[in-house]
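Trainee: Listed below are the residues making up each chain.
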Amino acid sequence: MKRSIAKVFPLFGIVLMLSACVSQTTQDASKNKDSLDAKYPLQTSQTLTIWDKSQVNPAYTSYTEQPYYQELEKRTGIKAEYRFPTGDLHRESFNLMIASGELPDIINYDWLILPGGPEKYVKEGYIVCINEALEKYAPNLTGYLLENPDIDRMVKTDGGDYYCFPTLRGDETLNVYQGPIVRSDWLDELGLSTPETMDDWYAMLKAFKEKKGASAPLSYVNQYAFEGGFLAGSFGTKLGFYQQSGVIHYGPYEPQWKDFLVTLRRWYKEGLIDADIATIDSKMLASRITSGKTGAVLGSGGNIGQWLPTLLSYEPSSSLIGVPYPVLNRGETPMFSQLDNSYVFGGAAITSQCKNIELAARYLDYGYSEQGRMYHNFGIEGVSYNLVDDYPKYSDAILGANDFMSEATKYINTEMSIQDPRMYEQRLKYPQQKEAILAWVKSDAVKYLIPPIIPTEEESGEMTRMINDIDTAVREYLLKFVFGNESEATFDDYIKGLERDGIKRVLELKQASLDRYNYR
Amino acid sequence: MRATTRTGAAVCRAVNEAASQKIKTQSRWSLKNIVKDFKRHKVKYLMLTPVIVYFILFCYAPMYGAIIAFKDYSPLKGIWGSNWVGLSHFFDFFTSTYFRRVVGNTFIISLCDVIWGFPAPILLALLLNEIRGSAFKRIVQTASYMPHFISLVVVCGIIKNFVVTDGLFNDIVAFFGGTRVSMLQKPEMFRTIFVSTNIWQQIGWDSIIYVAALTGIDRQLYEAASIDGASRFKQTFYVTLPSLVPTIVVLLILRLGQILNVGFEKIILLYNESIYDTADVISSFVYRRGLQELDWSFSTAVGLFNSAVNCVFLIGANRATKMVSGLSLW
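Quick mapping for you: the protein sequence lines, in order, are chains A and B. Position one of the first sequence corresponds to residue 667 (this note's numbering), numbered consecutively onward. Position one of the second sequence corresponds to residue 1338 (this note's numbering), numbered consecutively onward.
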């Protein structure tokens, strides 16, 4: 089964590539006459229209007032009209735009999360395949992709088509940002060392409850708590798909899932887990940890920075630290941790309604040039940053701001370029935040991580409804089991239920996508 | 405020009259009669035009889009260009493992809402009617509207904060010696929370039309009743309520026409996986499946199914009330 797909696939890919690229070649040929000079700023009177999923900095009423966009226009020499989705509804706005049929020249969006993936949008004629445009007009991005074959593989379709100028993370430590966080002052006070094993965690939570009066010793936002393998990882599973020696697995369909559920239920029953765990959202979580009701949470490095000031204002001696993901036996390396691929945010694609592909490509390629990368990450020298011993240090206004990002994004844009680790280093205000990342990064997660595979439209059509039903069933069973509404005896029925919902077929289809990815 | 009440009263009276006229005379639908009627009421028809245009534009024209329920809709191919798939989206919905649960939950929540939520504004209106001091009455009325104007997101935030283990409701339960529970994690409590907060939110607003209808009752009837020795309770029972019946019937029929419409906004803001057993309804299911996965055709198919059931209920309720009380919408 797997073999045959792999054999057929290259052929399929070539056909696709041809069909997708034909229209673009003819378009470009006519444009070649008035080829632009590659030196920025370019000389042009044409304007580009761009739909961007990100947001205008709240300090400004319009992007035209925002320094980042003003300076970008000067540097590239290209006038661009941006449109942004309203509020958090970028998915709805995107759908509306697509449904209206009136497309801008460039769309910056999460192409990977769309059912059918980018290939579908190329095939249906919304966006164009940019292989040729990259080769001709985008030396900077092409150069970077040549140097980084792993990333090159991520940003194209199975057929070898490039479809966007991707938002990339330039360093692996940027892909880890979430993990367990505990009150280290409580640990010290109780004479406990940093918890490593599940037994350590149990003892710690019990001590928090009994000796520190924490009403909800462990709390987390249930919706995303186990996707990175928190707690579940020590039993060798997680809520989601992972690969083990090239074979796709689904954590909640593995027998170990039961061991995890049993442990979670015991903790819940003993009052070690928040009694309101199903309803906890990020705001409630913040109030739990800052008020001392909770001593251990799953959160991000950014969360530490948000919570610490409030916590310190109540209890000056308190502190939060990131601790490694728990394991079963001392000395083991955690199997999972939250870990993203270097390419997850999608990127800027050129649409079929773009009249001047060269201009669009040159405009976007700026973000990948030496200068452009500095500009995207640090902004304007002398205004938002200064070079100190070759290290771009942000201005005091940015470093001293309450919210680093809301101040920095007046000048910088983390998308449509390559994110610089030196930005994140400075973004983290507290030493605890930096240490937390180092604690979380210690895991084997990269071995089990699934690269950004893309199902074909047919696969996706067949799979999305099944995955949806499966995901609903898994999350429902998890909570019911933990609350004691489902007994251990029902676990076999639950597994059968997943099979009825089509888990085996989903695994097959995912496997096919992964095999194709590995052949890219 | 006054204006609303007055137009409300006018609407009620018009509805009542229309209903009673319908019963009296069966109008003849000949072309001659229509032309005659049109000539006689020229100005009224002119005034009606914007409303008719509105309905054609916003209610009838979009119905054409409903055909995507039978297609695999892709925006770029357009409504006509997309491929026909027949009834496959409907079968997908009917054969889904969750079909029975979501339809059942929708009916139960909606019925509870009718049973408890429908009489509530009537009761409030009757009570308000008995208040003689008009200043106090107005204050109460205005206060009871207030929740209607609070954004649903805020209302749900308040509810969530009240029902967690250290929230207000649990404080009350604990005060009387009960044990604290996280109420939104108990499937059996969800309907109560949903319906009671609905009542709290809508009772004032929904009572407006009844209050308006009450002002239209002829004072002489009360005088006659009191001369005959009827107490205030009896007056309410034998004069007020019967005068309200036409309004109640019309609104009840309209409400039953919405039987499968349980808004997903409030549900998705309140529910979580552990209470899907009672809280997952058609609209929240479609939200998860249709909108989050860009499955326009599937959502349309379910929407069409919804409307069909609603339509059956509307016609059924109309028939039933016509048979029982002689009152009906048409």
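Because the hints were derived from the structure by calculation, they are not lab data. Every residue gets a Cβ at the ideal spot worked out from N, C-alpha and C, and that includes glycine. Please note: incorrect hints may appear among the correct ones.
Unchecked claim - Straight-line distance between alpha carbons at most 27 angstroms, and here's what the computed DSS-like set of lysine-lysine pairs gives: (1) K1414/B to K789/A; (2) K1523/B to K872/A; (3) K789/A to K740/A; (4) K1095/A to K1113/A; (5) K878/A to K924/A; (6) K1021/A to K740/A; (7) K1523/B to K1162/A; (8) K719/A to K1414/B; (9) K1095/A to K740/A; (10) K924/A to K1603/B; (11) K949/A to K1523/B; (12) K1523/B to K959/A; (13) K1076/A to K1095/A; (14) K949/A to K924/A; (15) K1523/B to K875/A; (16) K872/A to K789/A; (17) K1021/A to K1603/B; (18) K1414/B to K935/A; (19) K1603/B to K949/A.
Stated by the list, open to error - Restraint ranges, calculated between C-beta atoms of paired labels, are given here: (20) N1598/B to K949/A: 27 to 33 angstroms; (21) P1456/B to P921/A: 37 to 43 angstroms; (22) F1455/B to G1066/A: 54 to 60 angstroms; (23) I779/A to S1425/B: 23 to 29 angstroms; (24) F1428/B to E893/A: 55 to 61 angstroms; (25) E981/A to P1399/B: 54 to 60 angstroms.
Trainee: Would you mind marking each hint as holding or not holding in the structure?
Mentor: Verification of the hints:
no. : hint                                   : verdict
1   : K1414/B to K789/A                      : holds (12 angstroms)
2   : K1523/B to K872/A                      : holds (26 angstroms)
3   : K789/A to K740/A                       : violated (35 angstroms)
4   : K1095/A to K1113/A                     : violated (31 angstroms)
5   : K878/A to K924/A                       : violated (31 angstroms)
6   : K1021/A to K740/A                      : holds (22 angstroms)
7   : K1523/B to K1162/A                     : holds (26 angstroms)
8   : K719/A to K1414/B                      : holds (24 angstroms)
9   : K1095/A to K740/A                      : violated (32 angstroms)
10  : K924/A to K1603/B                      : violated (33 angstroms)
11  : K949/A to K1523/B                      : holds (22 angstroms)
12  : K1523/B to K959/A                      : holds (22 angstroms)
13  : K1076/A to K1095/A                     : holds (19 angstroms)
14  : K949/A to K924/A                       : violated (30 angstroms)
15  : K1523/B to K875/A                      : holds (24 angstroms)
16  : K872/A to K789/A                       : violated (56 angstroms)
17  : K1021/A to K1603/B                     : violated (45 angstroms)
18  : K1414/B to K935/A                      : violated (55 angstroms)
19  : K1603/B to K949/A                      : holds (19 angstroms)
20  : N1598/B to K949/A: 27 to 33 angstroms  : holds (30 angstroms)
21  : P1456/B to P921/A: 37 to 43 angstroms  : violated (53 angstroms)
22  : F1455/B to G1066/A: 54 to 60 angstroms : holds (58 angstroms)
23  : I779/A to S1425/B: 23 to 29 angstroms  : holds (25 angstroms)
24  : F1428/B to E893/A: 55 to 61 angstroms  : violated (32 angstroms)
25  : E981/A to P1399/B: 54 to 60 angstroms  : holds (58 angstroms)
Of the numbered hints listed earlier, those contradicted by the structure are 3, 4, 5, 9, 10, 14, 16, 17, 18, 21 and 24.
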